[in-house]
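Protein chains in written order, with my numbering: chain A, 2 to 691; chain B, 4 to 121.
To be clear, the hints were calculated from the coordinates, so they are not data collected in a lab. Glycine included, each C-beta is placed from N, C-alpha and C at the ideal position.
Incomplete in silico selection of chain A near chain B, CB under 8 Å: (1) His-513; (2) Gln-518; (3) Arg-519; (4) Val-521; (5) Ser-524; (6) Arg-528; (7) Ser-532.
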Amino acid sequence: MSLARRPWLYFGPAALLAGAIGVALTVTSDHEEHPALATALGLFVSWSFILAGLLGWSRRPQNRTGMLMVAVGFGVLVGSLSEANYALPYTLGALFGSLFIAAFLHLLLAYPSGELLSRKARVLVVAGYATAFLAPLLDSLFPARHTCKPHACPDNLVLVSHDHAAHIVETVAWTTVSVLLFAATFMFLVGRWRKATSTLRRILRPVYLAGGLSVLLLAIGFILTPFSGVVNTVVVVALIATFTAVPFLFLAGLLGTTIARTAGIGAIFTGVPERASPGEVQQGLRQALRDRTAEVAYWYEEGGHYVDVEGQHFELPPDTRERVVTRLDYADSPVAAIVHDAALLEEPELLDTITSAARIALERDKLLVEVKARAARYRALLQAIPDLMFRISRDGRYLSYNAPDPSDLIHPEVVGLTLWDRLPAELADRVLEAGRSAVDRGTPSVIEYALDFEGATRHYEGRFAASGDDEFLMIVREITDRKRQQQELEASRQRIVAAGDEARRKLERNLHDGAQQRLVSLSLSLRLVQSQLRSPDAAEEILEASREELAQALEELRELARGIHPAVLTDRGLEAALEALAARAPLPVEIDGSCGELPPSVEAAVYYVVSEALANVTKYAQASSVTVTVEHLNGSALVEVADDGVGGADPLRGSGLRGLADRVASLSGKLAIHSPPGAGTRVRAEIPLE
Amino acid sequence: MGMTVLIVDDHPSFRASVRTLLQAEGYEVVGEAENAVEALRSARELKPDLVLLDVQLPDLDGFEVCEQLRVFDHPPVVVLTSSRDGADYGRCIEHCGACGFVPKGDLSGAAIAALLPA
Chain A
2 MSLARRPWLY FGPAALLAGA IGVALTVTSD HEEHPALATA LGLFVSWSFI LAGLLGWSRR
62 PQNRTGMLMV AVGFGVLVGS LSEANYALPY TLGALFGSLF IAAFLHLLLA YPSGELLSRK
122 ARVLVVAGYA TAFLAPLLDS LFPARHTCKP HACPDNLVLV SHDHAAHIVE TVAWTTVSVL
182 LFAATFMFLV GRWRKATSTL RRILRPVYLA GGLSVLLLAI GFILTPFSGV VNTVVVVALI
242 ATFTAVPFLF LAGLLGTTIA RTAGIGAIFT GVPERASPGE VQQGLRQALR DRTAEVAYWY
302 EEGGHYVDVE GQHFELPPDT RERVVTRLDY ADSPVAAIVH DAALLEEPEL LDTITSAARI
362 ALERDKLLVE VKARAARYRA LLQAIPDLMF RISRDGRYLS YNAPDPSDLI HPEVVGLTLW
422 DRLPAELADR VLEAGRSAVD RGTPSVIEYA LDFEGATRHY EGRFAASGDD EFLMIVREIT
482 DRKRQQQELE ASRQRIVAAG DEARRKLERN LHDGAQQRLV SLSLSLRLVQ SQLRSPDAAE
542 EILEASREEL AQALEELREL ARGIHPAVLT DRGLEAALEA LAARAPLPVE IDGSCGELPP
602 SVEAAVYYVV SEALANVTKY AQASSVTVTV EHLNGSALVE VADDGVGGAD PLRGSGLRGL
662 ADRVASLSGK LAIHSPPGAG TRVRAEIPLE
Chain B
4 MGMTVLIVDD HPSFRASVRT LLQAEGYEVV GEAENAVEAL RSARELKPDL VLLDVQLPDL
64 DGFEVCEQLR VFDHPPVVVL TSSRDGADYG RCIEHCGACG FVPKGDLSGA AIAALLPA
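I would like the entire structure built from these sequences, with the hints used as guidance.
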């Protein structure tokens, strides 16, 4: 940890020591033609890299770029071992003196994150280190060609061959490999630059410019090495210039970030107006972060999601290599998020500073955007409601309206008119009263009313809610269908109650007029018999009359009981009950089909349909025969009573058919009557079994 | 000579039984009627001493008929009868001006005589 936090402590003294050794070796070198120049250049280049690297390392310990720069600097110092007059350091310098080039390529390929993000980059780095190690090793197996004054170089400890041809082949081969490696690295950097976003390019630009040129010049230099001349010298000088520029441009980048932090805070606090809109704040953040694509998303507490500066729902994108999300939280609660170029992660100080500064402004904007989001949600809600909606002032003037279907309006003009302009006066008064009540009490109110519209009476429900101190909302829904169903239901209930009452009246009347009357007569007769016991003939006559009276009373009671509920239906089932009905009918009745066992309520309904229909046939149809059909069809019980009578039956005549229709409807079934004049009558009921 | 009686009831079997019963007990049945209209006409023509009047008639009820009989020049005594119990009619019986009520099941010459004014 301490190394990561304070690399100066270790690498500072190490750089000074290594530099001193390098100076001592170079100045005392027997084979260095320009010791002063080599000393100055070596120290300048190596310490520049080490200094810049240590600065970067201490500023961004997680980023390996600084470490790699330090490695390049020390690599350069390792190369000064080859200036030594002794065999071992000289050989070591020759063997490891090129490793700094591999470290340099590593630095460029990993810039700016310090990570090798692609397989291609990793392959190139491995190839670079392998070449930087193997090429000098193989080259050192042969005598040196240009690096030493004649006979001034110390012994090369790994020299094994004087085969000139093999040396040339080895040199050509490694030169080719190195040039290809530089070319590939250069192409990689070009490709990366072309794909980079503007923000990433801003970060890459200084280092890539100097580094890329250095790689290009290295390739050219390797090709020109066998040749001496002005061009070669120019290339070497240019290479030294661009290579040395890299640490300085890196430092400039670091300094630029620091300047940008200050400028960014300034942009946030001074560039953005005090009463800036969320859009202006976003623009200010873009300038501060130097990322034109940055987007601000505000946390919308009520909705549980983020919204953009316009208050629209905003889904945070997943982090990718190109774009990432930086979330701004306050006390574990989300405040906002900034979606920005992933390259800004290479400038964490800038990002941290700017987002911290922006948090205050964003916290304030969050409220504004929440209001917008809420407004957008309510707008969507209103648009989704299919009802007519009016905003009406307290004095009854229409302020605005929403009509999903304009044909629902009784009058196309709305805004500016008064309630009395558009509605009958009495209704207008009611509407105003209900609206004012909603405003005054603060609770919604509801009225129902009817209007003659397009030639028909339509029913409406008006709901009222306060929409301000002096206005209210009126939401109008047509309830004509609901009203009709309600009326039908009420009528049906009334008919059922009336039918029950009527049945009881009829029962009482029948009992009174029939069996009860006969029993009364019987009682009187028995009293007469009692008084006539001394006159047997008269008594016999009275007893005979009494017996007949009693038989009729019994028959009437049976008939009555059958009318209350057919016992045969309960005891023997529908088929037997229908046969009994047919047997009692005064005309031939044919029964067709069978629908097996049915629920008791359905059986009773079928029985009464047949019973009532047969009674009607007997009374009105003047028919010669009737056919009753009972069957199972598509999950329903179907019963049909058809006669060959005069037809022309009125379904609304009498309470019998209506009562039957109610009974069938109570089982979700349908009763239909087809009775054209002169063509018989067909009563058909269909009752679902599920 | 016994009291003359007009029997008003819509059930022929009842009228026949009552006729036999009352005649056996000394009453003189001078006529029968099966509805209110016929009852009023017969009462006007036959001038019976007593009208035995069923409460439930097909056209008007017995109370109304009784009220109309009571305004005759020589109104007959009216005894109401019904197969229902007298309590079923509440105070209608006394309000209509009838002399009294005998349930059909208890009907007899003695029961009627018990209701007549002394």
